[in-house]
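**Student:** Each chain, letter by letter, is given below.
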Amino acid sequence: MTRRQRLAALVAGIASSGAAFGQIAVTGATVHTAAGEPLTNAVVVIEDGKISQVGPASEIEIPDGFRTMAAAVVTPGLIDARSTIGLSGYLNQEHDQEQVEASAPMQPELRAIDAYNPREALVEWVRGYGVTTVHTGHAPRSLVSGQTAVMKTRGATVEEAVVKPLAMIAATVGDGARERGNKAPGTRAKMAAMLRAELIKTREYVDRRSAEDEDRRPDRDLRLDALGEVLEGNVPLLVTAQRTQDILTVLRIREEFDIPVVLDGVAEAYDVLDQIRDSGVSVIVHPTMMRAQGETENLSFETAARLRDAGIPVALQGGYEAYVPKSRLVLFEAGVAAAHGLGFDDALRSITINAARVLGVDDRIGSIEVGKDGDIALYDGDPFEYSTHCVAVIIEGEVVSEEVR
Amino acid sequence: MLRSLLLSALLVAAAGAQETPQAFVGASLYPISGPSIESGTLVIHDGKIVALGPVSAVQIPAGAVQHDVSGSVVLPGFVDTHSHAGSVEGGDGSGPMHPDARALDSVNVRDARIQKAQAGGITTANIMPGSGHLLSGQTLYVKHRDSKVIDDLLIRRPDGSLAYGIKMANGTNSRKDPPFPGSRAKSAALVRERFQEAIEYRDRVAQAAGDADKLPPRDLGLETLGEILAGERVVHFHTHRHDDILTVLRLADEFGFKVVLQHVSDGWAVADEIAASEQVLGASLILIDSPGGKLEAKDNQLATGSILEQAGVVTGFHTDDPITDSRLFNRMAALAVRAGMSREGALYGLTMAGARMLGLEDRVGSLEVGKDADLVVLSGDPLSVYTQVLQTWVDGAKVFDRGDPQDRLYAEGGFGASHDQGHHIHGIAQGEHE
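Chains A and B, in that order, are what the protein sequence lines are.
Counting with the numbering used here, you get residues 274 to 678 for the letters of the first sequence.
Counting with the numbering used here, you get residues -4 to 429 for the letters of the second sequence.
Bound-form chain A, shown alone (with noise of 0.2 Å):
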């Protein structure tokens, strides 16, 4: 593909997933598919970038010319659900900071693809540790901040890293949407009112849009367009809400405008769970070890484990930070709610087929089946544990690291 020819491709959301494909057999002691029960001493065999064959040593003949490499615990690539990182560099100064864009308080029409830099060290760091998938854009930092997208952490463009350009609208209904001085939303019952004015303008706009009569079509609008992704029901509104009020007001919008939501963070879900589950909503909780303070100064250790108690499927996230970690790693927040009530199952489920199902990529990503993308993480002993070590990563069969982390 030419770069115009990649280009057009990637604005068409149809994504290129690179040259290099890897030949290569991973054997084993513990094999976590994430799509049933684990297997032991167990080769992996990717072809061509993706997963042909999976199953126990003694039944698979591993191809001439294949690369083979072993560990003693084997997983799906993971899946980060909800970060920011290649917008949100880890220098923290103004020239690598792009995740909100504080002109104004919606602005849908900012896509993750104009400001994603793949070379970004934070996308290395997390890639050493396990990490294959980010779904990374814009931040919970204003009502509507723009767009997300799901990225393999390689590539050294935007294109060859791509997944899905426009993956989920972001927004937030909380103290992170409330602007400063008399600007608006400066309340909580000022974010739902513009929210819904938002939707209701775009809901006409998107009618018009299809009008007989083309005089009464509507002039293009970029932001329109982008909203009108999710009251399309195409694209998913991804909303960061907290608080248990912040979470019900989200369902409301929902269920008042009959869109597809994810919800964020969610730190006092443990209060609404029933509210939560009835509505079918996919959840991706907020960092295991995200600080208690502000609106989030309930969150605890075992939300995961509550959500999944209550029969709502969770995914994961290292989140957004805006100072020190400038990431976290989904793998460290995976342990901890492991070890706080989630178990290593569904801890490991969190941050691979449940955040690829969440994401809608799990026709590609997010467990170790035949036909899948060959991404897989390699590691010395329990993933969680905190002296384990990652000690090789692959993506769709090429092998991005072999560092010791």
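A hint or two may mislead.
Here are some, though not all, of the chain B residues that point toward chain A, as calculated from beta-carbon distances under 7 Å [unchecked claim]: (1) D284; (2) G287; (3) K289; (4) A292; (5) A329; (6) V332; (7) R333.
FYI, nobody ran anything at the bench for these hints, they're computed from the structure.
Ideal placement from N, C-alpha and C gives every residue a C-beta, glycine not left out.
Since chain A is already given, all that's left is putting chain B on it; use the hints.
**Tutor:** Relative to chain A, chain B alone:
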């Protein structure tokens, strides 16, 4: 719940320590000062450790309360050399150096973060004002006892004086508009100027030999700096970058003060220089999940613990609460082990290293007969993510018990877990939404 908590608070305030001996039987004991004891007995009485050894070798005193802790692991209570629990404050924006400002006068003892520190097994902490000044004030060494007023937390030295250090900082945090310094050289110059003033003040006081006519007007700040010069107070120096660390060593050499290097992000780059300094009591590390977040921490790495250990530096850890969570303090040591530090060194770093940096090594930091009965009872390996703090004891009094619903709330989080304890007293029970 409310009544029992109030009652226990009163009892603690009145008694301070258990008068009945308490015996912890059957746990793995990690004394830190010596090899671990696989199945041991530890006896405490009147707030002190009175016996420890293998179960078979320790006679449990008659009338002792026995705690079956078999299957668990008992360590000395953890020592956090750098915390901001209690919403501590130091100097204000009026100037870059405030040696007269005392943490003592600012700590909110009802801050839930003190309960969370107990839930993390932290029994001793150095509560410090921030790093936005060259010298932000006097710190406060505390025991995380159950408390109502600041006096309940204090640690007194053998001569009756309060135990605390001095917080200083270099690098970018203290760089601002005048009267703050605008550069690194100016930062060092201002510190040198003030210490020079303190030397002159000290000498004039000495020359006056008690003659009121010759004494200079009393200056609380210069008095404190005089204590630093005399080696009576340790400086806790926030410093990240390799060149800033060396500036600290240079200043400590010039004025002869004892210093604990705090954060030391680039410690890996100047490990030998740190090891060679006679002024350094130790290096206290913060290890973060990813480098950066601020310019000076861009090269922070988990391997620093291992590198400093190998260089022979006394190496400990801190939470910098709220930067990292006091409930997960053991995680800091475990991450150092992940990057090559020895297990022994990491456990020492959670306990004795901190005790030495606070000059409290005769009282805390290890399980030894005669030391304070500060204990943490863990469900398993102290360096495992799956391990939970089951109990925390300070001076012979239990301050945290995972089996208590209120304590569990602090340990796990949930509604009210971050509210000031004061809500209790005023009848708004925490955890009622749980």
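**Student:** It remains to establish, for every hint, whether it holds in the given structure.
**Tutor:** These are the hints, each one checked on the structure:
With its C-beta approaching chain A no nearer than about 4 Å, D284(B) sits inside the 7 Å limit, and its interface hint holds. Nearest Cβ of chain A to the Cβ of G287(B): about 3 Å, under the 7 Å cut. The hint holds. With its C-beta approaching chain A no nearer than about 6 Å, K289(B) sits inside the 7 Å limit, and its interface hint holds. With a cut of 7 Å, the hint placing A292(B) at the interface with chain A holds, because the nearest CB-to-CB distance is about 6 Å.
Look at A329(B): its Cβ gets to within about 3 Å of chain A, closer than 7 Å, so that hint holds up. At a threshold of 7 Å, the smallest CB-CB gap from V332(B) to chain A is about 5 Å, leaving the interface hint in force. Interface restraint check for R333(B): the shortest CB-CB distance to chain A comes to about 5 Å, inside 7 Å, so the restraint holds.
Of the numbered hints given earlier, the model fails none.
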